[in-house]
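Asker: Protein chains in written order, with the working numbering: chain A, 18 to 500; chain B, 4 to 503.
Do not take every clue at face value.
Claimed, not checked - Listed below are the simulated DSSO-like cross-link pairs for lysine-lysine, each with C-alpha atoms no more than 27 Å apart in a straight line:
1. Lys377(A) to Lys91(B)
2. Lys383(B) to Lys414(B)
3. Lys91(B) to Lys151(B)
4. Lys414(B) to Lys428(B)
5. Lys483(B) to Lys425(B)
6. Lys91(B) to Lys401(A)
7. Lys483(B) to Lys414(B)
8. Lys483(B) to Lys411(B)
9. Lys398(A) to Lys91(B)
These are calculated hints, taken from the structure and not from any lab test.
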Amino acid sequence: MNLLDFDIDRLHTALQARHCSAAEVCRAALATIEQRNPALNALLSILPDRALKQAADTDARLAAGAPLRPLEGVPIVIKDNQCLAGTRTTCASQMLANYMATYTATAVARLEAAGAVIVGKANLDEFAMGSSNENSAFGPVRHPLDPNRVPGGSSGGSAAAVAAGMCLAATGSDTGGSIRQPAAFCGVVGVKPTYGRVSRYGLVAFGSSLDQIGPLTRTVRDAARMLRVMAGYDEHDATSSLHAVPDYLAELSGDADTDLRGWRIGVAQEAFGAGLDPAVELAVRQALKTFEALGATLVEVSLPRLGYAIADYYIIATAEASANLARFDGVRYGYRAPDVTTVHDLYALSREQGFGPEVKRRILLGTYALSSGYYDAYYLKAQKVRTLLRRDFDRAFEQCDVLVTPTAPTPAFKLGEKTDDPLQMYLSDIYTVTLNLAGVPGMSLPCGKSGEGLPIGLQIVAPAFEESRMFRAGWALEHALLQ
Amino acid sequence: MTDLATLLREKYEPVIGLEIHAQLNTRTKIFCPCPTDFGAEANANTCPVCLGLPGALPVLNQAVVEKAAFAAFALNLHINEVSVFSRKNYFYPDLPKGYQISQYDQPFSVAGYVEIPTSERDEGGRPIAWQLKRFRIQRMHIEEDAGKSLHEGLPGSSDASYVNLNRSGVPLVEIVSEPDFRSSWEAYDYVQYLRRALLYVDACDGNMEEGSLRCDANVSIRRRGSDRFGTRTETKNLNSFRFIQRAIDYEIARQIRILEEGGHIVQETRLWNEREARTYTMRSKEEAHDYRYFPEPDLPPLVLSAETIAALRARVPELPEPRRRRFAEAYGLSLEDSTLVTTTREAADFFEACVRASGNPRAAFNWIANELLARIPIEKLSLTTSPVSPEALAELLALVTDGTLSNKLAKEVFERMLSTGKPPKAIVQELGGGQVSDVGRIEAIAAEVIAANPKQTAEYRAGKTPLFAFFVGQVMKATKGKANPQVVNEVLKRLLEPPQ
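When you get a sec, could you build the whole thing from the sequences and use the hints?
Answerer: This is the structure:
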């Protein structure tokens, strides 16, 4: 069997009818991993024994007549910055190359409790810092359709694993686009939930006020199903929300739900500016026409401060990161430089040797932004800009139900193409970072292909805690594009 | 060269401010459910949160908010309805996250004060003259403690240090005074009172040896009459009342000496060394950390509604200084006496219960101060720990007042109350009744004594008056000590008069 023939709905139909067993599904995933991972480098850990045992448990439950749990028998991959007790959690860093997690992240535990089978841990940009997955200490991930191209980042391993059929779904984490941009590059669905929607407990922090765990899947319905399992208040995360989690799937079923009559789709001119690849613009504009064909009305809205988003993001995210990464000091766990004789050298050399160049660059940027004498000019001002950006969204959503933008300005670029120019690399987050700053949810889903056959992603943005709208609009588009 | 006392009196004025870290006595840590008990095996009281493991997040313990609120009320601080946690960034091996979660520009509470008796001391450490002074408190914020580094006394200590993270995440409040103290004894009296007040509201166990109360002192010197502050030093690591007082005096003397020699004070952080009774430079201003404070993104702002604050305030007991003043006024106690019986809330409760039951504050104080406190230290005295209840003690006082017991007999009854736990009246019964004050009975006994001792009687009547004590002794002996001494005196005087 080939997982690429399945989504979770189909898998569950097959499991229910006993056309296949969870063990067979798991073995199929492991076979694809064995076959494709050496070239793609999507996974840093493969967990065959653990996965097969979980699959056997599922088969035993089903044999005993137990009903299917929401993710029963679904092979999934966890981004390697999320803790899974008893397994390595490396964050793709030398710093944590041998770090064994002692507890399991809440979102991951909820997936397991829903019956998911974890087949491996996915590669990423070191500590989730990057947009191409070239910043991994364990080598870059390659694009499943073209080994010379990047899968996007930082959840590049997760996106590639789903696209290559190593699993049916994966978790990513998204601080400035790290789920949506690789989802767009690899042609899968990726969701950045509302800030606070999914617990961050057990997610190794990058930018604490921006980070969210979210799903990468083959379909919108699968993403909705995954999010429903992961979302909800967690007593271990004071920033997780008490907002009730709706049954996202309930609205994604009959044909009537693909009817978008009465919907107002916001289109921000600022999101179609300079630097946008013509193929991407074409695909997104065609998708907008499809929305109209489904009955929706296009509404022109404005995000006047979008131009400040990248600068704003790289101050706030790096400032938080500079503190978040201070715990990696070589004292209690992780990499420790050999032959040091003073505490100062222990810190300096362990961090010098343990972190890669992009991580060090961001720690330096963030430390600078918080320094005495610069705090007001950088960090404080960035927080004010953040408030203004949030207001831009509030105003836009007074006029529309969801916003639509490209996910990324270009399709997947080539390995090495942007590594010498960090600013150019940062600009590939232009459409995504704003959502993290505003705290609102966004989803990337495939909307077409470039002339070279590379996937193009479209981003649907919803107001805070209105993920349902995003799923509904995305599901309608997905259906329309399939026909 | 002029001596220090003269220089202090005539030329210089010390300006002192204190920063006190008090451990809030919650059962569990501030951001995780680990226990806070002292003395557990090293690193036993830890979890992913207080170890700073990757991915772990802090969640505020609501018990900390309550205790902090009580501490704020104890010090007349205004509680902010919104306060914000911040990260204080610095590297240290016992700081697992590389930052301490504290509060910075929006602290939990501000603008408090205490108004308390304070006095200079003579060379024997005795107070010279008490006076009431108000010391302002700038702010009190909530923060987490770090762990403890151990550099000595363990296998391998010669080339390694150890870290114990049991303390990591223990809740603290940092209480920052205004620079209102003008002598080391004012600082001493303030810290004493602060400890007492925190114990009253049950916010801190006040145990200085275990580090529940730690003090840093900012000291500077200026010319008398000047309204500008001199350059200050901060002395750290003062973990006993005596150290605080001595370190401040040391620092005052050191700074005056420098100024007198024409030097200038360097702004720096210094460390008190008790063994050598002096302070040492720890780090200079240039080496001071840039803590890069910024709001803690993992914790939402701490919001307390006015109603919540009012509800907490309603649970605050009467504070030690107001209570001391009330005792002094209502019960006629001196400053020292009222201070003694308000040492702890429990002791004050005991005293007040005894006053209420007996209606005799003076006698209640004397018995508690002289008899009860000879058996149980005041810090331990409470309604539950005292070997006699306030009601039983009041009953005993009543028996003295109504003449049933002499003071001497009362002490004997008190001893038996202690050993048997029985009420005083029952003990008096066992002893064959109380004091004999019946004049007729005593006259009869006295007459017998006089008749049995003709020689002494004759000598007394001849002018050998010291023999009077002999007759008193004989009467007391015959009554087994129960005769009312005043009555015995009066009767014997009368009967021994030479017959007319």
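Asker: A separate judgement is required for each hint: does it hold in the structure or not?
Answerer: Checked hints:
{"no.": "1", "hint": "Lys377(A) to Lys91(B)", "in the structure": "20 Å, holds"}
{"no.": "2", "hint": "Lys383(B) to Lys414(B)", "in the structure": "22 Å, holds"}
{"no.": "3", "hint": "Lys91(B) to Lys151(B)", "in the structure": "18 Å, holds"}
{"no.": "4", "hint": "Lys414(B) to Lys428(B)", "in the structure": "13 Å, holds"}
{"no.": "5", "hint": "Lys483(B) to Lys425(B)", "in the structure": "22 Å, holds"}
{"no.": "6", "hint": "Lys91(B) to Lys401(A)", "in the structure": "21 Å, holds"}
{"no.": "7", "hint": "Lys483(B) to Lys414(B)", "in the structure": "15 Å, holds"}
{"no.": "8", "hint": "Lys483(B) to Lys411(B)", "in the structure": "12 Å, holds"}
{"no.": "9", "hint": "Lys398(A) to Lys91(B)", "in the structure": "20 Å, holds"}
The structure fails none of the hints (numbered hints given earlier).
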